[in-house]
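Counting from 1, one number per residue, gives the positions in the sequence shown under the working numbering.
No wet-lab data here; the hints were simulated from the structure.
Treat the hints loosely; a few may be bogus.
[Stated by the list, open to error] Listed next, with one range per pair, are the computed distances between beta-carbon atoms:
#, residue 1, residue 2, range
1, N148, R88, 18 to 24 Å
2, D159, R190, 17 to 23 Å
3, D47, N87, 34 to 40 Å
4, F45, Q205, 22 to 28 Å
5, G210, H181, 34 to 40 Å
6, H181, R80, 27 to 33 Å
7, E187, I137, 15 to 21 Å
8, S193, D163, 22 to 28 Å
9, K129, D152, 19 to 25 Å
10, N135, E51, 35 to 41 Å
[To be verified] DMTMM-like, lysine to aspartate or glutamate: derived pairs with alpha carbons at most 25 Å apart:
#, residue 1, residue 2
11, K201, D92
12, K129, E189
13, K48, D163
14, K201, E132
15, K44, D159
16, K40, E106
17, K44, E112
18, K201, E186
19, K129, D209
20, K129, D93
21, K182, D92
22, K201, D163
23, K44, E106
24, K129, E106
25, K182, D122
26, K44, D54
27, K184, D152
28, K184, E106
29, K48, E106
30, K182, E112
31, K129, E203
32, K182, D54
33, K129, E211
34, K48, E112
35, K184, D122
36, K40, D54
37, K182, D163
38, K44, D163
39, K40, D163
40, K184, E203
We treat Cβ as the ideally placed atom computed from N, Cα and C, and that holds for glycine.
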Amino acid sequence: MEELLTKNASAVFAILGVLLGAIVTGLFGYYGKSRETKLKLAEKFVDKKLEAHDQIINLANSMRTMVVVEGEHEGNELPRYPALFSNRQQFDDFLSYLNQVQTQSERWLSAELKRELCFFIDYIVTLRKWTEQVNDIGLPRLGVALRNDFIDISGRIEDAAHDFINNDVVKINFKTDRRWHKFKPEETERMFSRTVLVRRKPELQLIVDGEIT
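Modelling step: build the complete structure from the supplied sequences, incorporating the hints.
So this is what it looks like as structure tokens:
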């Protein structure tokens, strides 16, 4: 047997070389295909995340869409209010739009962005319940008073969305963020205390009660 191998050593080594080459090629092919599959999967996840964050940025922009109060006004800056305060129908349409965006995008959002979005939902649901009896004349007045709240909250939401686009996309982070999606109760309370809705509530209550028309 040893003599046979010695006489045919070149052939044996040639066969072993072919087998080894086939194994190496197969391994490289397998790992290459596996890596390619992972990259394609990551690309799909990133596309989903980008689409979701684009929806949130569009939402933030709609929160800052302003309408100028009609009539003559004093001073250089014309009083404005978020368009959703134009009338009850537009307010409720915005709530439906907000619910749709949240439902479609929430699973793809970062925890930081979810928290900002949840805070805004808490804010506007509180506002909707508090203003149920306000008519289409009072709503724009409330909107003028609350304009800065919508500018501030929409700015934080948009910043959180851009943080993902500027950071996670570069890292090709295709994992979903399962961290807790709301601020701690004490943080939520602190943030609410800084809003115009809370700081000027006694004054705003006059509009809600119809005493200022």
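Just to be sure I understand the hint, the distance between the Cβ atoms of F45 and Q205 should be within 22 to 28 Å; is that true here? violated, 47 Å
Assuming the hint says 35 to 41 Å, is it satisfied by the Cβ distance from N135 to E51 or not? holds, 38 Å
Tell me if the beta carbons of D47 and N87 are separated by a distance inside 34 to 40 Å. Hint holds: Cβ distance 37 Å, inside 34 to 40 Å.
If you check the beta carbons of D159 and R190, does the distance land in 17 to 23 Å? holds, 18 Å
Given the hint that K48 pairs with E112, does the C-alpha gap stay at or below 25 Å? OK: K48 and E112 at ~17 Å, within 25 Å.
Given the range 22 to 28 Å, decide if the beta-carbon distance of S193 to D163 lies inside it. holds, 25 Å
For a C-alpha distance cap of 25 Å, please report whether K44 and D159 respect it. Satisfied, since the Cα-Cα distance of roughly 23 Å is no more than 25 Å.
Quickly compare the C-alpha distance for K201 and E186 to 25 Å and report which way the hint goes. This hinted pair holds, its Cα atoms lying about 20 Å apart.
Is it true that the CA of K40 sits at most 25 Å from the CA of D163? holds, 23 Å
Does K201 pair with D163 here, judged by a C-alpha cut-off of 25 Å? violated, 33 Å
Is the Cα-Cα distance between K182 and E112 25 Å or less? holds, 9 Å
Please verify whether K184 and E203 have alpha carbons no more than 25 Å apart. violated, 29 Å
Comparing the model with each earlier hint shows violations of hints 4, 7, 22, 40; every other hint is respected.
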